[in-house]
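A.B. asks: Chains as they are written, first to last, in the working numbering: chain Y, 331 to 789; chain X, 331 to 789.
Don't take each hint at face value.
Unchecked claim - Some, not all, of what chain X presents toward chain Y, calculated at C-beta under 8 Å: (1) VAL570; (2) ALA598; (3) ASP601; (4) VAL602; (5) LEU605; (6) GLU650; (7) MET652; (8) ASN668; (9) MET671; (10) PHE704; (11) LEU707; (12) PHE787.
What the hints assert, rightly or not - Below, computed lysine-lysine pairings styled on DSS-like, alpha-carbon distance capped at 27 Å: (13) LYS357(X) - LYS521(Y); (14) LYS357(X) - LYS539(Y); (15) LYS684(Y) - LYS392(X); (16) LYS357(X) - LYS693(Y); (17) LYS684(X) - LYS371(Y); (18) LYS440(Y) - LYS368(Y).
These are computed hints drawn from the structure, not numbers from a lab. Treat the numbers as computed from the prediction; the structure is a model and nothing was measured. Ideal Cβ placement from N, Cα and C applies to all residues, glycine included.
Protein chains: 2
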Amino acid sequence: MTLTKEIKDKKVNFEFNKELINIFNSKIKDNDAEFLNKNLKELHPADSADIIENLTSENRSKLIELEGFNLVPEIFIELNESIQEEIFIVLSVDSIVNILKRLESDNALKILQNLNDDKKNIVLLKLPPKDRFILQEGLLYPEDSAARIMQREFAAIPSNWFVGQTIDYLRENKDLPEEFLEVFIVDNNFKPIGTVQSSKVLTAPRDSKMNSLMNETQVLIPVDMDKEEVGRIFENYNLVSAGVVNKENKLVGMITGDDVFTILQDEAEEDVLRLAGVGDEEITDSVFKKTKRRFNWLLLNLFTALLATWVISKFGASIEQMVALAFLMPIVASMGGNAGMQTLAVTIRALATKELSSGNFSKVIIKEFIIGIFNGLIFAVITGVIVQLWFKEINLSILIAVSMILNMMVAGLFGILVPVSLKRFNIDPAIASSVFVTTITDVIGFLSFLGLGTYFFYG
Amino acid sequence: MTLTKEIKDKKVNFEFNKELINIFNSKIKDNDAEFLNKNLKELHPADSADIIENLTSENRSKLIELEGFNLVPEIFIELNESIQEEIFIVLSVDSIVNILKRLESDNALKILQNLNDDKKNIVLLKLPPKDRFILQEGLLYPEDSAARIMQREFAAIPSNWFVGQTIDYLRENKDLPEEFLEVFIVDNNFKPIGTVQSSKVLTAPRDSKMNSLMNETQVLIPVDMDKEEVGRIFENYNLVSAGVVNKENKLVGMITGDDVFTILQDEAEEDVLRLAGVGDEEITDSVFKKTKRRFNWLLLNLFTALLATWVISKFGASIEQMVALAFLMPIVASMGGNAGMQTLAVTIRALATKELSSGNFSKVIIKEFIIGIFNGLIFAVITGVIVQLWFKEINLSILIAVSMILNMMVAGLFGILVPVSLKRFNIDPAIASSVFVTTITDVIGFLSFLGLGTYFFYG
């Protein structure tokens with residue numbers, strides 16, 4: 331490593347700190363292209379991207395426009411989408427073309443798909459025909475398909491070859507990817523019949539038959555498979571690499587584990603953010619973008635809150651007669667909401683990892699219902715006792731206990747039924763479920779507590 | 331593949347269905363060890379584990395006890411922890427010893443660490459001394475450290491070797507792991523100075539120097555690093571394999587990408603479940619276990635709800651004077667709670683992926699505060715107008731608008747301050763944050779709405 335010493339000292343344990351960012355900010359102000367070139371080139375592209383993301387946005391544009399300065403192309407694919415957008419507005423079409431030419435096809439595709447349509451078309455026209463063809467073909471597949479993350483270069487040999495023959499071929503062939511984790515064995519129709527790990531080719535004698543080393547139980551990815559499903563398969567089968575096949579079962583590409591980490595991470599992260607009603611927000615997004623993204627969710631929540639208000643308003647007379655109803659009613663709604671969210675979170679993860687399927691569905695539903703009853707009973711007793719001690723009014727205590735049981739049962743049931751039903755209608759359960767579930771538990775919470783109270787005691 | 335045809339037909343697109351499970355359930359009832367042996371051996375261990383997880387628990391014990399039946403050891407490491415526990419209670423110590431002997435060190439360790447202490451010690455005593463030593467050494471490291479997931483077998487050579495020499499050595503050496511993605515180049519002190527991908531060794535001429543193919547900017551994992559941090563590093567640097575070094579910087583093992591998928595998935599999943607107050611629940615856990623896990627969270631929530639009740643009860647006189655206060659008060663609390671959870675979810679993911687650091691902390695806080703003000707203003711207007719149209723009482727409309735702005739600002743601020751502070755005290759922010767934040771937004775919501783109402787209009 332030939333990093334400048336002041337940078338090397340600051341970069342400890344894969345952590346970045348403010349001081350480090352400040353050095354870069356000040357070197358940009360000084361137009362020190364030599365320093366910037368040297369260090370951003372020597373650092374891992376992921377680290378350089380981290381630094382660029384944390385510069386002030388003014389210095390970021392200055393860095394890009396600096397004379398005699400060229401970013402390593404791999405840095406771009408490591409940048410957040412919002413920062414990529416910001417930079418590609420400043421960059422000339424020729425610079426973008428140059429970056430794309432120097433990237434592998436899967437990475438070039440990742441950048442290209444983030445450009446707006448006008449810029450995308452001009453850039454495509456300026457690319458060499460061979461690159462353009464590959465990228466245009468990739469763009470034909472859906473944005474979330476395996477085709478968008480696969481590499482189109484791979485190593486494949488016929489099944490009757492020997493190890494020695496294979497090594498000689500690999501040494502001579504210049505069209506191979508720079509790195510590959512396995513060699514595919516294909517039949518006459520280019521249909522993959524097995525794979526041999528690169529390390530197995532290395533350790534076997536030259537006169538071994540390749541198909542004797544072959545792993546037959548290979549997992550093949552259809553080219554149009556959703557990339558989240560690809561991630562799930564890599565995780566489930568502990569893969570580091572897998573072949574991609576087209577509709578005719580011909581080998582057309584390969585996907586390696588490093589492409590999948592980000593997908594797996596993003597997918598699970600999506601669930602956290604969607605459950606909280608944020609969507610695909612990134613920390614670098616602008617205030618305006620963030621406010622807009624969160625607005626819809628809050629608006630939806632306002633209407634469900636107004637629905638609860640409307641339910642409560644029907645029982646105004648009872649509240650005026652017994653004001654403690656107003657003190658206690660949020661408890662029932664809130665406990666139901668929390669129990670519902672617990673069931674919901676478990677269900678959504680089980681659906682995402684396919685642990686919940688038609689095979690165990692009814693068993694799981696019954697379980698959740700029983701948990702609802704158990705927790706309902708336990709908290710009915712606890713809450714009933716507390717309310718009795720506090721308000722010394724037995725009717726109120728019975729009332730809150732009964733409506734607690736009811737709402738906890740409802741919470742358990744709908745916590746699982748809502749996401750499963752949404753999934754059946756092909757709606758992402760993580761996005762819409764929590765509004766439904768909390769609306770149901772709010773309404774049932776207020777309705778059962780105030781309704782039963784009005785009917786039996788304070789009507 | 332030599333799967334029984336009825337199984338092969340049912341297994342389409344990596345999906346399991348009820349029919350498939352039923353076939354296995356009925357073959358177990360028929361004591362058809364031959365069928366079971368054949369198919370559970372031919373399926374991918376991950377698929378076999380899925381089937382076993384979905385059997386009735388009675389049939390699962392029967393399967394394990396079936397005469398002449400032996401599960402492939404790799405199946406065990408693919409099983410959920412709760413199912414592993416269930417099975418290892420039934421299995422004899424000798425069977426467990428046999429399974430461990432046939433597994434690689436990292437996988438054997440995974441099983442061993444899930445046994446109870448008594449069984450663990452007896453099993454260790456019955457293992458051959460070499461295996462026992464390796465496993466005991468592994469157990470010395472913390473449960474979540476890199477040492478627990480690394481393989482102790484790897485390929486390493488000195489820096490002055492040629493490609494041909496390396497290949498000859500790899501062919502002759504019988505102590506190598508079955509598969510390795512890269513060859514480590516080490517100095518005289520066994521300190522790694524670079525790596526060469528296996529495929530690069532394959533494609534280079536025999537007379538190339540290994541160090542000319544070497545990748546110097548390697549990422550090395552300290553043996554005691556937390557495994558979640560290992561996962562983050564693999565994701566950040568797009569690794570498929572990395573060396574593990576001890577305190578003296580000597581190479582002691584390697585970690586491959588397939589070991590990391592599960593860690594990354596689990597970690598993000600943990601955040602979803604913890605935010606919802608469920609902890610590390612699995613879908614196969616028993617009703618009793620699930621009820622117990624969720625109980626603590628609900629109890630905590632009950633006390634925060636009682637706190638809100640106490641706040642409301644201080645304003646009983648105002649509610650009796652103006653009952654619409656009771657109808658509207660949940661709106662302010664609920665909007666604050668939702669806005670707080672949005673900020674919280676973004677913050678927790680940013681902390682987990684280290685996108686939020688001391689370098690950008692104050693910038694991000696200010697952003698959230700501004701978003702809180704923006705959304706507060708927007709929803710103050712919307713809610714104020716709706717309330718005016720509904721109740722035609724200007725004081726009520728002003729009141730709800732002002733308390734809405736207040737609570738949304740509080741939500742944005744505490745949605746970021748709470749998790750960051752918890753993290754600073756080394757408490758997992760995903761576990762505890764949401765209780766704090768919703769308690770704060772509930773209390774401030776009720777307090778500002780009822781308090782301001784009492785002070786200015788209905789006191």
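A.B. asks: Each of the hints needs a verdict: does it hold here or not?
C.D. replies: Against the structure, the hints:
1. VAL570: holds, 5 Å
2. ALA598: holds, 3 Å
3. ASP601: OK, holds: ASP601(X) within 8 Å of chain Y, min 5 Å.
4. VAL602: holds, 5 Å
5. LEU605: holds, 7 Å
6. GLU650: Hint holds; GLU650(X) Cβ to chain Y Cβ min 5 Å, cut 8 Å.
7. MET652: Hint violated; MET652(X) Cβ to chain Y Cβ min 10 Å, cut 8 Å.
8. ASN668: Cβ of ASN668(X) sits 5 Å from chain Y, so the hint holds.
9. MET671: holds, 5 Å
10. PHE704: Status holds, d = 5 Å.
11. LEU707: Violated. Min distance 10 Å.
12. PHE787: Status violated, d = 17 Å.
13. LYS357(X) - LYS521(Y): Between LYS357(X) and LYS521(Y) the Cα gap is close to 35 Å, so the pair fails against 27 Å, i.e. violated.
14. LYS357(X) - LYS539(Y): violated, 38 Å
15. LYS684(Y) - LYS392(X): The given pair, whose Cα atoms are some 26 Å apart, holds under the 27 Å limit.
16. LYS357(X) - LYS693(Y): holds, 21 Å
17. LYS684(X) - LYS371(Y): Distance ~22 Å between LYS684(X) and LYS371(Y) Cα, so the pair holds.
18. LYS440(Y) - LYS368(Y): holds, 26 Å
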